[in-house]
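Protein chains: 2
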Amino acid sequence: MELWLTERETDHVLTKCRIDRTLYQGRSKYQHVAVVESREYGRMLVLDGIVQTSIRDEFIYHEMIAHVPLTIHPRPEKVLVIGAGDGGTIREVLKHPEVKRVCHVEIDEMVIEVSRQYFPELAGMLDDPRVEQHITDGIQYVKEQTAAFDAIIIDSSDPLGPAEGLFTEAFYGDAAKALKPDGIMVVQAGPPFYLPKLIRSIYRAIEKSFPTVRLYFASIPTYSAAPYAFVLASRRPLDDIAPRRELANLRYWTPEIHRAAFLVPPFLKEMLEIDG
Amino acid sequence: MELWLTERETDHVLTKCRIDRTLYQGRSKYQHVAVVESREYGRMLVLDGIVQTSIRDEFIYHEMIAHVPLTIHPRPEKVLVIGAGDGGTIREVLKHPEVKRVCHVEIDEMVIEVSRQYFPELAGMLDDPRVEQHITDGIQYVKEQTAAFDAIIIDSSDPLGPAEGLFTEAFYGDAAKALKPDGIMVVQAGPPFYLPKLIRSIYRAIEKSFPTVRLYFASIPTYSAAPYAFVLASRRPLDDIAPRRELANLRYWTPEIHRAAFLVPPFLKEMLEIDG
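Chains A and B, in that order, are what the protein sequence lines are.
Under this note's numbering, the first residue of the first sequence carries the number 1, and numbering increases by one thereafter.
Under this note's numbering, the first residue of the second sequence carries the number 277, and numbering increases by one thereafter.
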């Protein structure tokens with residue numbers, strides 16, 4: 001039997017990955033959750049049919065969503081991570097010795113349970129004593145916080161299904177209020193080549209509440225139509241995006257790659273209608 | 277009727293693009309040649325079932341294969357381009373006012389004819405008076421040249437079929453001989469994430485004849501498993517890969533993106549077993 005996982009990148013582009021085994025399939029209150037063993041990328045977490053992470057290249061996404069904001073911030077002691085049920089982002093956040101507390105807010109407990117069982121390389125740090133876990137809606141959680149965090153990392157799925165409310169102007173306003181005055185936020189945003197409208201709308205919505213908004217990019221093999229975009233926002237105007245600290249033993253992030261990630265090719269500036 | 281072009285990225289990953297129309301299909305002496313209209317990427321040139329270029333993002337590949345070597349070279353007057361039957365690389369090479377002559381060597385005349393008809397945006401500069409066209413085997417052509425060129429650009433298909441001999445130690449030795457003492461060569465090499473062995477072998481083979489070999493990268497949406505690699509080689513030891521000149525009105529290449537393209541993430545250094 002040949003098994004192929006078909007992923008719809010756009011209405012007109014599909015990616016198919018050969019699957020050796022389906023290890024888990026279930027339906028939570030929020031979404032369909034699956035774990036598959038793929039021949040090319042190793043084990044993959046699939047939510048509502050969309051590949052979230054793969055063992056072979058997960059480190060690129062997780063290093064870039066965590067280390068870019070946290071090395072720009074002068075002293076990130078208290079970090080809020082929304083989503084990130086697989087644990088990969090938490091693992092990277094905890095590599096910063098400055099970090100004293102990570103509030104991890106994930107709406108779907110099944111994603112955490114499945115990740116603990118099938119992705120110990122990612123979820124292994126979820127029990128670290130610095131991590132405070134909240135199984136709840138990130139939108140509601142953020143509304144109730146004021147000047148509480150140095151950094152907020154939005155590591156959600158795409159804005160369809162449970163994550164939709166995390167991509168709104170109202171939510172970004174609440175996130176700005178939940179940050180301390182020099183707080184930084186980062187949002188995973190997707191491939192601009194396929195989703196220019198989405199990325200423009202995230203950028204514009206964040207601009208309403210933050211004086212500095214910047215895009216940065218990474219090349220992630222499992223996510224098609226590279227590069228993949230992140231949106232960084234700072235409550236204090238930010239002149240310099242250079243990292244303030246080094247980190248050892250990483251596989252993608254370096255201080256040079258961090259700086260280069262903020263370069264926006266002219267065609268993307270035009271496509272996204274940004275100056276930055 | 278739904279038409280999908282299926283491309284085999286590896287034995288375990290396929291990409292499918294929705295096709296509105298097949299505009300041309302033929303078989304030359306060397307390969308199957310097709311032109312299709314795709315919904316997502318516009319018109320695409322397909323050789324032996326592999327997408328070579330698409331109207332929507334061809335400029336990324338063509339700018340990066342041409343402008344990186346030509347802006348590093350102090351004065352590129354005579355340039356040899358091998359392959360490049362669609363004309364996109366020639367169009368970019370001719371943007372350098374220093375360039376007085378382009379020798380264009382393509383083995384398959386059908387690719388040029390089809391590109392003239394279906395890709396005027398790419399092939400439009402093939403009739404420029406600075407271009408000297410040779411329909412012949414690049415391997416044989418290069419063997420007969422000595423200290424003739426400032427730059428050689430190998431814009432071939434992948435090393436299966438007609439381009440196979442362009443990826444050998446013997447060919448790179450001949451290419452070194454065909455270059456002037458400060459000559460520079462660039463080779464399109466593919467995605468390292470899928471083809472690490474191929475890129476290692478190109479790198480090692482080139483090292484035999486050139487004192488400086490460097491990898492550089494670009495994110496090209498139609499080529500999966502980003503980033504995509506190019507190998508640059510210099511006959512004179514090269515300390516600095518910075519561009520010596522600016523170029524206006526490009527859509528991907530900028531002096532900053534040029535420099536950043538040479539950054540190799542730690543995992544790729546390890547995967548490719550290179551220090552650079």
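A hint or two may mislead.
[Said to hold, decoys possible] With the Cβ distance kept under 7 Å, some of the chain A side facing chain B (calculated, not the full set):
#	residue
1	THR10
2	ALA226
3	ILE257
Don't read these hints as lab results, they were simulated from the structure.
C-beta atoms are modelled at their ideal positions from N, C-alpha and C, and glycine is treated no differently.
Status of the hints after comparison with the structure:
The beta carbon of THR10/A is positioned within 7 Å of a beta carbon in chain B (closest approach about 6 Å), and the interface hint is therefore held. With 7 Å as the threshold, the beta carbon of ALA226/A comes within range of chain B, its nearest partner Cβ sitting at about 3 Å, so the hint holds. For ILE257/A, the suggested interface contact is upheld, since its CB lies about 5 Å from the closest CB of chain B, less than 7 Å.
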